[in-house]
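Dock chains G and P against the given chain X, drawing on the hints supplied.
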Amino acid sequence: MDAGLLEQMLLGALLGLSVYLPLRCGQLSLATPGFFAIGGTVAALLSTRVPALAGSGSTYPITSVLLEMALAALLTGVLALGLGRVVLRLRGIYLAIATIALVEILRVVTLNLEFTGGALGIFGIPQPFNSAAGYAAFTLALLALICWLCDRLEKTRPGRAMAAIRDDELAAASQGINTADTKLLAFVLSALVAGITGVVAAHFLNSWNAKLGNFDASITTLAFVVFGGSRTWLGPVFGGLLLTALPELLRPVGDLRLIVFGAVILVGPLFFPQGVITPELFKWFKPRIGGITTAAAQGVKQ
Amino acid sequence: MEGLLQLLFNGLSVGAVYALFALGYTLVFSVLGVINFAHGAIFTMGAYFTYLLIGGAVGANGLLAGLQFPFALPFWLALPLAGIAAAAVALVVERIAFRPLRDRGSDPLLALITSLGAGVILVNLIQLLVGAESYSIPVGTLGSLPAALSIAGAKVRTVQVMLLAISGLLLAALSIWINGSRSGKALQAVSEDPVTAQLLGINSARVIQIAFGISGFLAGMAGGLVGLSISIAGPYFGIGYGLKGLGVLVLGGLGSVPGAVLGGLIIGLAEACVPADLSGYKDAVSFGFLFLVLLVRPQGLLGRPQANKV
Amino acid sequence: MNLLQLEDVGVRFGGLRALQGVDLEVKQGEIFGLLGPNGAGKTTLFNVISGLTAPSSGTVRWRGASLAGLSSHRIARLGIARTFQNLRLFSSMSCLENVLVGMHQHARQPPLAALLQTQSFRRRESQLQQEALALLDLFQLEATAHQDAASLSYGDRRRLEMARALASRPQLLLLDEPAAGMNPSEKDELRELIRRIRDQFKLTVLIIEHHVPLMLGLCDRLAVLNFGQRIALGSPDQVRRDPAVIEAYLGGGT
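Chains as they are written, first to last, in UniProt numbering: chain X, 1 to 302; chain G, 1 to 310; chain P, 1 to 254.
Calculated from the structure, these hints are not laboratory results.
A quick note: this is a predicted structure, and the numbers were derived from the prediction, not measured.
The beta-carbon is built from N, C-alpha and C at its ideal position, and this holds for glycine as well.
Just to be clear, a hint being listed does not mean it is correct.
[As the list claims (entries may be wrong)] Some, not all, of what chain X presents toward chain G, calculated at C-beta under 8 Å:
#1 L90
#2 I93
#3 I97
#4 I105
#5 V109
#6 I219
#7 P252
#8 V253
#9 D255
#10 F261
#11 A263
In isolation and in its complexed conformation, chain X is listed as follows (with noise of 0.2 Å):
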């Protein structure tokens, strides 16, 4: 397979995980693309004006990105604690409109400001990797803790908190569970796993703009998570990888691709009202993919 569609998959599936975080705690957010873009415009930004960061080998350097990485989940994580105080207090669809009018309002922020590059956005972001392939490795491992760390939240209190909020929100409270920490949790996480992602993917595509945070973005996110289920980190995994692969897979079939991807989202919800990654399923497979996700991420931190 080509590694630079792999590339494009593997951050899919990121962004699927960010989008399903606060979706298992109930909330419906589509705020991911702006916290995407956000991340993206952190890189573009350092990368191409803090000379500092360059280093001075032939590659720019990977400790740079981490950098990069680590002020982006900064930013976006005070930025989703602030906002999410505010628009947590919003229940259902009232809130998947409010966060869509967040990316909306990034947007045509983004587009209008001088130092962001405008509509044209920023071009020339260097490149730490000489091949495609360097990007996937970097972002399999990424992604591979990150899915580490969404099996240790599911596993544990704040995990089981999470789930008991989407089955009903006044219940949980009654167990003494603080709702609104604990949903403003998933939204900070959500938004800190899209920053990161944001970062790798403006370094990947070498240029960075406006465009790639907007509303179509906040659905086919959403569509990873649906599609691929959203009880278990696995199931928007899936519906990322997948789901960003489609368009491409069905290239063959030429100028019919979107509209049998938009034919796939349409009967996807249909016969797998769940998601296709379903809890059941999950432990089926758990053997096997827990232990592989558990020995990639030991594989990072070494």
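For chains G and P alone, coordinates are given in the frame of chain X:
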């Protein structure tokens, strides 16, 4: 004074289109409690239907390259026919993207995804058939009407007056229908409480179809009108309107018909008031409003608050 | 000191007075019953105590301190647990998970330990599981521990709600119509069960129930509500003979 009047007209005519757009959303929302994300695509279809019916020719890039109907209808006839065609599209969307979910008793929020899927199909179908180029409805379409009128010293484009008049007419007809007819009352009953309405013998499946039909008709007409007043800027041009329509919808109050009208006019006027050197930010006005309203008064200007049942 | 004290509590929903001038004292260790016809305001009273509905007037005191302005999760953390009249289980979770969520306040572990699955984390986690299983066992739900809560029978769901409420180790347990939908023999068992958990967990129980014989046989003291007002208070014997109660139950033309 003239400037102010001009501003008012610009704002109201744009606002009227937003109102038509948001009404379509609100009709569907009031019966199903979800948003039809294919609405923007149906609006776009209405614009293309209008263009074809007045005798416009398809460009060179689609499967239908060079197609032109052997007749050219006058605009006043083409527009409602395009509305009806768009209504038919809306009914198809209901059939494939909404009804199967209801039949299976699935989570209604899934309709956000399925309707988006339907929208993606429609938009790309348009692109496949007639290409991505933009079309404009020729000036001569309105026959002998002058291009601009002078009202109280202000120069106003005839198209804008028409837009305003037709929208006003449609809104009036809609409110008479909702409050005066049997099917309109059935719609209100279903939006109040679908289960009870069903028990009272109201065929809610039928009411939902009616809501989609009217919603599609309004969207199709709005598409034709915008196509006339500005242009048909490619298959994706309905999406921007679709998003602004969301702002209008929330500002007015989800599910509220007068709210959709009020919200449309307010946002249209507010956009018209954005000074020229900040025009880049115009598109954010609707969302800024939306955001503020959600925080201060989530039920919107004319909507009812959500009940929190224990 | 009274465990729970309500002083002149009133609730208005728009023009409707759901509760009006209700005074109530619940003593440590007693089983206190709330009787009254439908719409008398019993569940509203529970909602006020558990922080879901803010009283329009009056004060609720817990061990002498006012609960005013506390959100429901804070009140739960003080040791007040409840069940719901129309069952609010976490339906996508198993019975065991439902009870584990009930243990939320006691299940806190250091995040790093949870992340790295340290020995002590795993030991504590399995200890919590054992505790949850023991609770399920008490309510005869051990066989269904790994089934989805949604798949249980009605009576089992009622019992699971009680198990979940007990999991938070409350001092006061609010039971909203725990016998609804149960058959007579289940109701008898329930009476014994409530007594047993009261003794075993040193609980105070405040219970709403329509079934008068059950209430008279179970409760140490009873209050009767009608149209949002307390019309009687006392031992089962006193309440049974109270003319206002007889009027409310028989005179109103039921």
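Tested hints:
1. Among the interface hints, the one on L90 of chain X holds; its C-beta lies about 6 Å from the nearest C-beta in chain G, closer than the 8 Å criterion.
2. The beta carbon of I93 of chain X comes within 6 Å of a beta carbon in chain G, closer than 8 Å, and the hint placing it at the interface holds.
3. At a threshold of 8 Å, the smallest CB-CB gap from I97 of chain X to chain G is about 6 Å, leaving the interface hint in force.
4. At about 5 Å, the closest approach between the beta carbon of I105 of chain X and any beta carbon in chain G falls short of 8 Å, and the interface hint on this residue holds.
5. Given the 8 Å rule on beta carbons, the hint for V109 of chain X holds: about 7 Å separates it from the nearest Cβ of chain G.
6. Satisfaction of the interface hint for I219 of chain X is found here, the shortest Cβ-Cβ separation to chain G being roughly 5 Å, below the 8 Å cut-off.
7. Checking P252 of chain X against chain G by beta carbon gives a least distance of about 16 Å; that is not within 8 Å, so the hint is violated.
8. Given hint, V253 of chain X at the interface with chain G, is violated; its Cβ is 11 Å from that chain's nearest Cβ, farther than 8 Å.
9. Taking 8 Å as the C-beta contact cut-off toward chain G, the hint placing D255 of chain X at the interface holds, the least distance being around 5 Å.
10. Taking 8 Å as the C-beta contact cut-off toward chain G, the hint placing F261 of chain X at the interface holds, the least distance being around 6 Å.
11. Interface hint status for A263 of chain X: upheld, as the beta-carbon distance to the closest one in chain G is roughly 6 Å, under 8 Å.
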